[in-house]
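S.K.: Start from the sequences, fold in the hints, and give me the full structure.
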Amino acid sequence: MPDFLIAYCGPAALPENLWVRWNADPLLIAVLAALAAVIASGRSSNARAGWSALALMFMVFVSPLCALSSALFSARVFHHVVLVAAVAPLFARAFPLRSLGYPPLAMVVAAHAVILWLWHAPGPYAWGLASVPAYWLMQLSLLGSAWLMWRAILAPAESFGPALVALVATVAQMGLLGAVIVFASVPLYPVHLASTLPWGLTPLADQQLAGLLMWVPAMLPYLAVGLYTAWASLRQSEPAL
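Add 143 to the 1-based position in the sequence shown for my numbering, that's all there is to it.
Hints listed in this document are in silico derivations from the structure and should not be mistaken for laboratory results. Just so you know, these numbers come straight off a predicted model, no measurement behind them. It cannot be assumed that every hint is accurate.
Unchecked claim - Cβ pair distances, simulated, as ranges: (1) Leu161 x Val308: 36 to 44 Å; (2) Val181 x Phe326: 39 to 47 Å; (3) Tyr371 x Met202: 21 to 29 Å; (4) Ala322 x Trp162: 32 to 40 Å; (5) Leu280 x Leu243: 20 to 28 Å; (6) Ser242 x Val323: 33 to 41 Å; (7) Ser242 x Trp162: 39 to 47 Å; (8) Val275 x Leu340: 42 to 50 Å; (9) Leu240 x Pro265: 32 to 40 Å; (10) Leu240 x Gly153: 30 to 38 Å.
For each residue, glycine too, the CB sits at the ideal point set by N, CA and C.
M.R.: Set out below in C-alpha cells:
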C-alpha cells in the first residue's frame, strides 16, 4: 500500500483489529493534556464547550477513527466534518480571543471555503497524507480557518443577517463539494481496493459515501446554529410587554 496512506495514522485498519488501533502519539497526547489543563484552570470562556471540543478531538485523533481513516476516504471526510463543523465552533465558544479583533466575515468565510476545497482536491489531499508535517498542515489549516469563521459568526456584535448569510454560503459550498464527490464517475482519491474491500466497499462506493457525508449530515450544525440565531434575533425584536 502506498506510503501516503500510512504517514500518520498507520496502516489501514481492518474490521478485526479496528478496536485495538488507538493512536498513542506522545506529542499529540501532550498537546491534548495541555489543552485540558488550560480548560481546567478556568482560562476558557466556556468550559463546557472546551471539554466537548477536547472530547471530539480525542475521538478523531486518538480513537480508532484515525486508523479507519487510513482505510476509508469516507472516514477521513467524517473526520474533517467533525473538525470544521463541531470542534471549531466549540473552540470558538471556549476560546473566542476577542482581544485579537475580528477580520471581515466575508473574508474568513471565503478563506475557509478555499482551504476546504483545496484539501479535498485529489492532488493536495494525497500530498496532505504523504508525510506527518503535511498531515498536520492539513488538519491545522482546516481547524484554524473554521475557528476563525465560527468566532466571527458567533461574535456578540455580529448581526443576524450577515451571520445567516455566512452560514448559508458555507452550507452551499460544502454541499456543492459533496455533490462533486458523489457524482464523480471514477475514484478520485488515493484509496485502494485492498483497504476498502474488507469494509464491504469499493473505492467508488467509499467516495460516494464520503460525498454524502459532506453533502447532508455536515450541514446539520450550520442549520442548528442558523435556526438558533434566527430564534434569538426574533426574541430580541419582540416588544416588551
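S.K.: Does each hint hold? Answer for all of them.
M.R.: Do the hints match the structure? See the list:
For the pair Leu161 and Val308, the supplied restraint of 36 to 44 Å holds, since their beta-carbon distance comes to about 41 Å. The beta-carbon spacing between Val181 and Phe326, approximately 43 Å, falls within the hinted interval of 39 to 47 Å. In this structure, Tyr371 and Met202 meet the distance hint of 21 to 29 Å, their C-beta atoms being roughly 24 Å apart. Take Ala322 and Trp162: their Cβ atoms lie about 33 Å apart, and the range 32 to 40 Å holds.
A C-beta distance of roughly 22 Å is found between Leu280 and Leu243, which places it inside the suggested range of 20 to 28 Å. Distance hint check: the CB atoms of Ser242 and Val323 are about 39 Å apart, consistent with the given range 33 to 41 Å. As the Cβ distance of Ser242 to Trp162 is approximately 43 Å, the hint placing it in 39 to 47 Å holds. Against the hinted window of 42 to 50 Å, the Cβ-Cβ separation of Val275 and Leu340 comes to about 27 Å, which falls outside the hint.
Our hint of 32 to 40 Å for Leu240 and Pro265 holds, since their Cβ atoms are close to 35 Å apart. For Leu240 and Gly153, the Cβ-Cβ distance of about 34 Å falls inside the hinted range of 30 to 38 Å, so the restraint holds.
The structure is inconsistent with hint 8 alone, although it conforms to all the rest.
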